[in-house]
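> Just need the whole structure built from these sequences, with the hints factored in.
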Amino acid sequence: MDKTYRKALKAAFPHTLPILTGFLFLGMTYGIYMRVSGFSFWYPLLMSLTIFAGSVEFVAVNLLLGSFNPLQALAMTLMLNARHLFYGISLLDKYRGAGWKKPYLIFGLCDETFSINYTAVIPEGVDRSCFYFWVTLLDHSYWVLGATLGGLFGALLPFNTEGLDFVMTAMFAVIFLEQWQKDSDHTSALLGVGLSLLCLFAFGADHFIIPSMLAILGALTLLRPRLERR
Amino acid sequence: MTLPQQILTIAMVVLGTMLTRFLPFLIFSPGRSTPRYIRYLGKVLPAAVFGMLVLYCLRNVNLLGGSHGLPEFISLALVTGLHLWKHQMLLSIAGGTVCYMLLVQLVF
Chain X
1 MDKTYRKALK AAFPHTLPIL TGFLFLGMTY GIYMRVSGFS FWYPLLMSLT
51 IFAGSVEFVA VNLLLGSFNP LQALAMTLML NARHLFYGIS LLDKYRGAGW
101 KKPYLIFGLC DETFSINYTA VIPEGVDRSC FYFWVTLLDH SYWVLGATLG
151 GLFGALLPFN TEGLDFVMTA MFAVIFLEQW QKDSDHTSAL LGVGLSLLCL
201 FAFGADHFII PSMLAILGAL TLLRPRLERR
Chain C
1 MTLPQQILTI AMVVLGTMLT RFLPFLIFSP GRSTPRYIRY LGKVLPAAVF
51 GMLVLYCLRN VNLLGGSHGL PEFISLALVT GLHLWKHQML LSIAGGTVCY
101 MLLVQLVF
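In order, the protein sequences belong to chains X and C.
For the first sequence, counting from 1, position 221 maps to 221 in our numbering; every step adds exactly one.
For the second sequence, counting from 1, position 67 maps to 67 in our numbering; every step adds exactly one.
Just so you know, these hints were derived from the structure itself, not from any lab.
Errors might be hidden in some of the hints.
To be verified - Below are the EDC-like pairs computed for lysine to aspartate or glutamate, each with C-alpha atoms no more than 20 Å apart in a straight line:
| id | chain 1 | residue 1 | chain 2 | residue 2 |
| --- | --- | --- | --- | --- |
| 1 | C | K43 | X | D185 |
| 2 | X | K182 | X | D111 |
| 3 | X | K101 | X | E112 |
| 4 | X | K102 | X | E112 |
| 5 | C | K43 | X | D111 |
| 6 | X | K3 | X | E124 |
| 7 | C | K43 | X | E112 |
| 8 | X | K94 | X | D127 |
| 9 | X | K102 | X | D127 |
| 10 | X | K94 | X | E112 |
| 11 | X | K3 | X | D127 |
| 12 | C | K43 | X | E228 |
| 13 | X | K102 | X | D2 |
| 14 | C | K43 | X | E178 |
| 15 | X | K182 | X | E112 |
| 16 | C | K86 | X | E178 |
| 17 | C | K43 | X | D183 |
| 18 | X | K10 | X | D127 |
| 19 | X | K101 | X | D2 |
| 20 | X | K10 | X | E124 |
| 21 | X | K10 | X | E112 |
To be verified - What the simulated footprint calls covered on chain C by chain X, stretch by stretch (three residues with Cβ under 8 Å from a Cβ of chain X suffice, anywhere in the stretch; the number is not a length):
| id | region |
| --- | --- |
| 22 | 3–12 |
| 23 | 16–25 |
| 24 | 41–48 |
| 25 | 51–62 |
| 26 | 68–77 |
| 27 | 81–92 |
For each residue, glycine too, the CB sits at the ideal point set by N, CA and C.
Here it is as C-alpha cells:
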C-alpha cells in the first residue's frame with residue numbers, strides 16, 4: 001500500500017473503534033431482523049452495501065413486508081435522511097479536492113462517518129482526503145460485515161426471537177431522546193409525535209406517514225417566525 | 001411483493017439516500033451561504049422526524065384489544081429510564097428489546 005494511505009489508515013483507525021462495536025452490534029441486529037422476517041442473507045448484505053444508512057434500512061424491512069408502494073418508500077427515505085443534507089453542507093469545504101475519492105466520500109456519508117470527519121483533528125503530515133476515505137471505508141465495512149453476519153446466523157439463534165423487532169422501536173426512541181436532550185426547545189419534537197399520532201388515528205397504520213410528513217413540514221414552516229427567534 | 005417490486009423498493013431507498021447526500025455538493029458551492037429556510041429546517045426537522053418514526057414503529061399496536069400495548073409501553077419506559085440513567089445507546093436498545101421479548105414470550 002502507498003505510504004500516504006498507510007499513514008492515513010493508522011491515524012483514522014482509532015477514531016473508528018467506537019463505531020466498530022456499535023455497527024457490529026446494530027448491523028448484526030439488522031441482519032438478524034431481516035433474517036427472522038423471512039429474507040435471505042443476500043438482502044442485508046446488498047442493502048447494507050448499497051443503502052448504507054442504518055435507520056432507513058430498518059424501515060426498509062417494513063417497507064418490503066408491506067404492500068408495494070415505491071412513492072412512499074422514496075418519501076420516507078427523503079424525510080428520514082433529510083439530515084444528511086446538512087452533513088453535506090457542513091463538509092463542502094473539507095471534501096473539496098478529494099479527487100476520485102470524493103464520490104465515495106459523499107456516498108458513504110452516514111451519521112457516524114460525518115461526526116468523525118467533521119470533528120476529527122487530523123495530525124500534521126496526514127493526507128486529509130485519505131483520512132476521510134479510510135474513516136468512510138472502515139465504517140462502511142463494519143456495517144456490511146455486521147449485517148451479513150446477522151443475516152447468515154440469524155436463523156441459527158438458539159432462542160425464540162419473537163419480539164426482536166422491537167429493536168427498531170428502541171433504537172428510534174433512543175435517537176429521539178438524544179435529540180430531545182440536545183434541543184433547548186421541544187416544540188418540534190412534540191409536533192412530530194402529536195401530528196403523527198393525529199394522522200395515525202385519521203388515516204390508519206398503512207397510510208399515515210405521508211400526511212404526517214406534510215403536516216410536520218407545514219407546521220414547522222408556519223411556526224418558523226416563532227421558533228427561529230429562540 | 002414480487003422480486004422486481006422488491007428491487008424497485010430498494011432502488012427507491014437507495015435513490016432517496018443518495019439524493020440527500022449528493023444534492024448539497026451539486027447545488028451549493030463552498031463559501032456561499034445556505035438559504036435560511038433550509039438551515040432552519042436542518043435545526044428543527046430531526047426532532048420531529050424521529051418522533052414520527054417512533055410512532056411509525058408503534059403503528060400496529062392495538063390499544064383496545066390484545067395486550068393493549070402494555071409490553072410496548074413498559075419496554076419504552078425501560079429504554080427511557082436506562083438511557084437517562086446510563087447514556088449508553090447500545091445498553092438502552094438491548095435492555096429494552098430483551099425486556100420486550102421476555103414480556104411478549106412469557107407474560108402476554
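> Next step is simple, just say for each hint if it's right about the structure.
How the hints compare with the structure:
At roughly 11 Å between alpha-carbon atoms, K43/C and D185/X fall within 20 Å of each other, so this suggested pair holds. Taking the CA atoms of K182/X and D111/X, the gap is about 16 Å. The hint holds against a cut of 20 Å. Under the criterion of a C-alpha separation no larger than 20 Å, the hint pairing K101/X with E112/X is consistent with the structure, at around 18 Å. Straight-line distance between C-alpha atoms of K102/X and E112/X comes to about 17 Å, which keeps the hinted pair within the 20 Å bound.
For the hint pairing K43/C with D111/X, the CA-to-CA distance comes to about 15 Å; that is within 20 Å, so the pair holds. Annotation: proposed proximity of K3/X to E124/X holds, straight-line Cα distance about 15 Å (limit 20 Å). About 18 Å separates the Cα atoms of K43/C and E112/X, which keeps this hinted pair within 20 Å; it holds. Distance restraint check for K94/X and D127/X: the Cα-Cα separation of roughly 12 Å lies within the 20 Å cut-off, and the hinted pair is therefore satisfied.
Restraint check for K102/X and D127/X: the C-alpha separation of about 14 Å stays at or below 20 Å, so the hint holds. For the proposed pair K94/X and E112/X, the alpha carbon gap of about 16 Å is at most 20 Å, so the pair holds. Distance restraint check for K3/X and D127/X: the Cα-Cα separation of roughly 10 Å lies within the 20 Å cut-off, and the hinted pair is therefore satisfied. Simply put, K43/C and E228/X have alpha-carbon atoms about 9 Å apart, close enough for the 20 Å limit, and the pair holds.
Proposed proximity of K102/X and D2/X is supported: the alpha carbons are some 19 Å apart, at most 20 Å. The suggested pairing of K43/C with E178/X holds, with an alpha-carbon distance near 14 Å, which does not exceed 20 Å. Only pairs whose Cα atoms come within 20 Å are accepted, and K182/X paired with E112/X is accepted, the gap being roughly 17 Å. As the CA atoms of K86/C and E178/X are separated by approximately 12 Å, the hinted pair is consistent with the 20 Å bound.
In summary, the hint linking K43/C to D183/X is supported, as the alpha carbons are separated by about 9 Å, within the 20 Å threshold. Of the pairs offered as hints, the one joining K10/X and D127/X holds, with about 11 Å between alpha carbons and a cut-off of 20 Å not exceeded. Between the alpha carbons of K101/X and D2/X the distance comes to roughly 15 Å, so the proposed pair stays at or under 20 Å and holds. Proposed proximity of K10/X and E124/X is supported: the alpha carbons are some 13 Å apart, at most 20 Å.
A C-alpha spacing of about 19 Å is found between K10/X and E112/X, which places the hinted pair at or below 20 Å, so the restraint holds. With 6 residues carrying a beta carbon less than 8 Å from a beta carbon of chain X, the region 3–12 of chain C meets the three-residue requirement, and the given coverage holds. With 10 residues carrying a beta carbon less than 8 Å from a beta carbon of chain X, the region 16–25 of chain C meets the three-residue requirement, and the given coverage holds. Counting residues of the region 41–48 of chain C whose C-beta sits closer than 8 Å to any C-beta of chain X gives 7, which meets the bar of three, so the coverage hint holds.
Figure legend: the region 51–62 of chain C, annotated as covered by chain X; annotation consistent (10 residues with Cβ-Cβ distances under 8 Å, at least 3 required). Remark: the region 68–77 of chain C is confirmed as covered by chain X, as 4 of its residues place a Cβ nearer than 8 Å to a Cβ of that chain, reaching the required three. Coverage of the region 81–92 of chain C by chain X holds in this model, with 5 residues showing a Cβ closer than 8 Å to a Cβ of that chain against a need of three.
Going through the hint list in order, the structure satisfies each hint without exception.
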